[in-house]
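Heads up: the sequence shown is residues 902 to 1072, going by this note's numbering.
Check before you lean on any hint, since a few could be wrong.
Listed next, with one range per pair, are the computed distances between beta-carbon atoms [to be verified]:
1. GLY1070 x ARG911: 18 to 26 Å
2. GLN986 x PRO957: 14 to 22 Å
3. GLN1047 x GLU1067: 38 to 46 Å
4. SER942 x GLU1067: 34 to 42 Å
5. LEU1059 x GLN990: 30 to 38 Å
6. GLU1056 x GLY1013: 18 to 26 Å
7. ALA1065 x SER910: 38 to 46 Å
8. ARG911 x GLY961: 35 to 43 Å
Hints were generated in silico from the structure; no laboratory data involved.
Owing to the predicted nature of the structure, the values given are computational and were not obtained by experimental measurement.
All residues carry an ideal CB built from backbone N, CA and C; glycine is no exception.
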Amino acid sequence: MSTAARQGSREVRAFVGLGANLGGDLAATLRLALRDLRALSGCELVAVSSAYRSAPVDAGGPDYLNAVAELRTCMKPLELLDALQAIEQAHGRERPYVNAPRTLDLDLLLYGQDQLSEARLSVPHPRLHQRAFVLKPLLELAPDLQGPGLPPLQECLLALQDQAIECQGAL
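Use the sequences and the hints to build the structure in full.
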């Protein structure tokens, strides 16, 4: 029995998008972020997708390296968001303007089958189904995954063929 089950907490399957396009060795940055996710109390890192290189969408700057991590967590959504933002900040994340290039970006993509719309957090991530750099690694981990309130994710990915993305292999 998991710790969450023993403590009466609800254990949830969550997916986190990882991305970086500043700071040198992007793969090393994502590996360090995964180390930090593994260390989170109340979370278990279940799986990690391959890394994917893609051009920024709706932004400028260098190409991104992206991946998706699957977590099993008993943290509440905003508690998990705070933990993700603390990891970003520890890696030098700054937010000078919307869609600015970043040393590390951690997005809570899905939190079980929950739908949440608050000032600080929307789940599912509002643009998840419009970004090949999110869908490709997400569907690599869970090909049959369906997000609550979203169109079929495999169909969404097919519609994004114009967004160039290249698999870089395992992190």
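Numbered hints the structure breaks, given as an ascending list: Those not satisfied are hints 1, 3.
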